[in-house]
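Undergrad: One letter stands for each residue in the lines below.
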Amino acid sequence: MEPASADTRKFFYEHLGLSDRLLEQCLSAALSAGGDYADLYFEYITAGSLSLDESLVKSATSGISAGCGVRVLSGERTGYAYTDDLSPERLLRAARTAALIASGPAKEPVQGFRSPSTAASLYPLAGSSVSGEVAAKLLLLERADKTARAFDTRIVQVQASYADERRRILVAASDGSFAHDTQPMARLNVSVIAKQGDNIARGSSGGGGRVLLDFFLSEKTPEHFALEAARQAILQLGAVPAPAGEMPVVLGHGWPGILLHEAVGHGLEADFNRKKTSAFSGLVGQMVASPKVTVVDNGTMPNRRGSLHVDDEGSPTQHTVLIENGVLKGYMSDKLSARLMGIADTGNGRRESYQHIPMPRMTNTYMLAGEDDPQDIIRSVQRGLYAVNFGGGQVDITNGKFVFSASEAYLIEDGKITAPVKNATLIGNGPESLKYVSMVGNDLELDEGVGTCGKAGQSVPVGVGMPTIKLDRMTVGGTGH
Amino acid sequence: MNVAAAPAATSITQEFVTDIVTKALKAGASDAEAVFAEGDEFETVVRMGQVEQLKEAGSRALGLRVFLGNRTASASTSDLSPQGIAALVGSAMDLVRVTSEDPFAELPDRAAFGSLTADLDLFHDDVFSLSVEERIAWARRAEEAAFAADPRIQNSGGGSFDASIGRKILANSRGFCGESRGSMCSIVAQPIAQTPDGAMQRDYWYSSQRSLRLLESPESVGAEAARRTLRRLGARRVPTQRVPLVFAPETARSLLGALFSAVNGNAVYRNASFLAGKLGEKVAGENLTVIDDGTMPGGFGSAYFDGEGLPTRRKPVLEHGVLRNYLLNTYAARKLGLSSTGNASRGLAGAPGIGAGNFYLEPGPQSPEELLRNVRQGLYVTELIGHGVNIVTGDYSQGASGLWIENGELAYPVEEITVAGNLKEIFLNITEIANDLVFRGSLASPTLLVEGMTIAGS
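One line per chain: the protein sequences are A and B, in this order.
Counting from 1 along the first sequence, just add 2 to a position and that's the residue number in the working numbering.
Counting from 1 along the second sequence, just add 56 to a position and that's the residue number in the working numbering.
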C-alpha cells in the first residue's frame, strides 16, 4: 500500500534531492569491493520540546537533524559510514568508505526497487508539524502544573514537559528492498517534589507513544499524569525502608513488564545468541519459564511507543512469540543474524539514528494474560512485596543477572497490602526467575509509553506490558527486615 | 585500503558562528548565543580474530539560544546552508515569544567571560594517525591477549580500537567567542569465560586517552580484561547481612557520580537533592575531600571555557567532610544567590546544563591491599548495575557483584545480590580511603571502605 506514506518518498526525492538513480549509484559504490549486501538509510527528524518549571515556560526548543548511513555486509563483517551532508558527492564518499569492509570483485545491486506490503496504518502519518500548535501544547503543561499543585499543599515543585518528533526514514538496499515511513512520537511528562519538614520525596509520571497532540486531549490527559506524579510523591513521604532478602514478589500490571524486557528480552536478541554470549544461547525448545508464561514481542500494535510499520532495515515488523507456555520458541532478529543463523528476519532490526549500525532490538514486549484474579494473587501472599511502579532496569546478558528498581512498592502482610516502602532494587537471574511465576493475572496492560531501551550505546523507544503476576521468590534489595 | 581517511575538516570559522549571533540580533533578539560542534570518529571491532565492524564518519551541527529580555528559547540544525541558518534563527525567534519572563534567565555578565590561557593539552591528532590495517591489528591484539591468558576463555564480545576528535565554537552577543578542540582514543577487550558446566561470565577492561602514545598496550588491556573475567567464574550468592563494603575504584567512582548529581545546582535550587540547603555543613567524614577541577592539563573533564563562555576553575566540593561548593551554571547560581562555578555544559539544544570538570576524591595514605587486609568479613564490590539511586532522598539500592573478603583476603566471587543504604549515611561512613587514585575518565575515586550498608542475597 502506498497511500499517505507516499508523501515520505516524495519528501526525500523532491526536498532532499534523492532519485532512484542516485540510490543505485550509491549502492553500486557500496558494493564496489564486493560484499553480500548494502543498504542506505536516510533519516530526517524534526523535534520540539516545551517545558514548564516553577509555573514558568522556561524552555522551548526545536531541532532538525538529517543524515544518511551506508552499510555494507560481507560475511560477519559490517562496514559503516554516515554523512549529514546529503549531496551526491558526500553520499558516494560514504558509500566508498563503507565498501572498504569487503575485499573482492565489485558486485552489482539488484535492479529496481520494490516496497514491502505492510500492515494497516499503526499511527497517524500526516498531521500537524512538530513546531505547530505551541499554544495548545503549553495549555497541556499549564493544566498539569495546576492539577499537581492543587493535589496537596506539600507539592512544592512541578516540572511538566512536552516533547515530540517526526522521524522520516527511507531505506534502499542492494537486494531491491525499498521502504519509507513517517513516524510520529509524542510524550508528556510530569515530575514533582513533595516536602514535609525535612522529609522530601519525588514522584513522576508520563506517557504517550506514536500519537499526535489530540491523544493528550482525549485519551491520557495532563490531569491523569499530574495526579499520578503527585500521588506517588505524597505516598513516598510516608514510605518505610524496603525489606532485604528473598521473598514472594507480586508485580502489578503494565510498566512492571520491564521485568520481561530485562529478564528474557535482551537475552533473546539474535545477535547475542549467534555469538553464543547470551545466558539463553542454545535453549530454544527448553523450559525457561513456568508453563503459565507466554511472552511475545509485537511491533504491530497501533500507536505504541515500540511500534513501527517497518524496522530500520525496511522490513515489516511482526508479532513474534518468544516464550510459549514456558518453552523458549525463538529469537528476535535483524537481517544480518537471520542470514548467518538461517532463521527468520522478525523485523527487529533497529537503530538510534543514521549514525548507528542496526541490530536486533525489542519493539513492544509483553506477557499474555492468565486466569487469576489480581486480588487473589495479593491474598495468596503471607509476607512479601507488591511492586507497581519501576524506574529503570539493567541486565548482564552473559550471566543472566538482571535488576529493576521499584519506585512504588508496598509490603504485603497476611494477604493484605500495607505500608509503602522506599525505593528498592530487585535482582534475579534471567533463565531462572520466570520459573517461579506461580500466578498470572487476567489484567494484561501495556505501559503508558515511557520506555527507552539502551544497548551498545544506542537508545530506541520500546513498550512493555504484563498482567499482575506472582513470583514465589525474588531478591529484594532493601535495608530493612 | 591502506590509507585511513583523513578527518573531514570543515571551513566553519569563528566569524561564521558570530555572524549567526548577529543575524539573531537583527531578527529582534536582545541577546543570542550560538554554538557549532563537529566531530569525526572511527570504530574498529575485531571478534574471534575476524574484523566485525569498521565505522567511520563525521558530523556537524549548530545550536542557537536567543533571548528576548528575560525570555529564552533555542533551536538546532544539521543544515548549515544559508536557508538552514535562516530557518534556525526563525524558529528560535518564533519560540522565544511563547516562553515566560524569567528574571533569572540572562546571559552571564560581560566581566565573567574568559578562557584559560595555559595549554591544557586536550588535542592530539595522533589518534587518527594509524592506517586501517594498524587499527584492526590493535583491536585484534587486545582480544588475542585475553584469549591467550587462559583456556577457559573461548568466546568474546570482541576487541576494539576507537578514536574521535571534536571541535567546538561558542559565540555570544556579549562579546565572547571561544574555540576548542579535543581528541580521544581507546582500546577495549571484552572476553567471555566459561566453566565446564557451561556457566558464562564476561567482563572488560579498557584504556582511554587523549593521545595514542599514552594508551596502554593492547596486550595489557587484554590481559587485565581476562583477569577480571576469570575471577568471576564460579560466583555464588551470599546471605542477607550487614558487613563492610570495599568499593573498587570502578564502583567507588559511581558513588562519586551520585555525589556530583547531589551537588548539581539544578537539583539543588529545586530542593531535589538530599544536599540542598547544606552548604557549610558537615555532610561526610572528616577524611573526605572532593575536588572539581576543570583546569587539569590533559584531563578528561578539562576545558578552556564552560558551556556559557566562563573560564573553568578548581574548587573544593567537600573539604574534610564539609560541603563547600555546589556546581553551578549562571542560571542555577542566580537562583541560589551564588556565583557560577564555571560548570555550565552546553549541548546543541536547550538551556545550558551543569557538568563536572575532573571530579575526584583525594586519595588516602594506604595501599588498597593494606585497606583490604584489615577487613575480617566483607564484600569487595567490583560491579554495580541498575538505576536504584534516588538523589532526592539519598536512598541507594543497586545490583552488585564482587569478591567475598575473608580475613583480609579475597576468597571467592559473589553475584546476584544488592547493596543498599542511604547516601547521607554512606558519605559519613566511608571509614577508609586508599591511595590508588587514577583518572580513567572525568570522575575518579580511589578504593574506599563503607560501613553499615546492607547486602540482600539468599
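The set of hints was computed from the structure by calculation and includes no laboratory data.
Here a beta-carbon is modelled for each residue, glycine too, at the ideal position from N, C-alpha and C.
There's no promise every hint is true.
Coverage of chain B stretches by chain A, computed from C-beta distances (three or more under 8 Å per stretch; other residues unrestricted) [claimed, not checked]:
1) 107-121
2) 251-263
3) 404-414
4) 442-455
Undergrad: Hint by hint, say whether it matches the structure.
TA: Comparing the hints with the structure gives:
1. Look at the stretch 107-121 of chain B against chain A: 11 of its residues bring a Cβ nearer than 8 Å to a Cβ of that chain, three or more, so the hint holds.
2. Counting residues of the stretch 251-263 of chain B whose beta carbon lies closer than 8 Å to any beta carbon of chain A gives 4, which meets the minimum of three for the stated coverage.
3. Only when three residues or more bring their CB closer than 8 Å to a CB of chain A does the claim for the stretch 404-414 of chain B stand; here the count is 4, and the claim holds.
4. With 10 residues carrying a beta carbon less than 8 Å from a beta carbon of chain A, the stretch 442-455 of chain B meets the three-residue requirement, and the given coverage holds.
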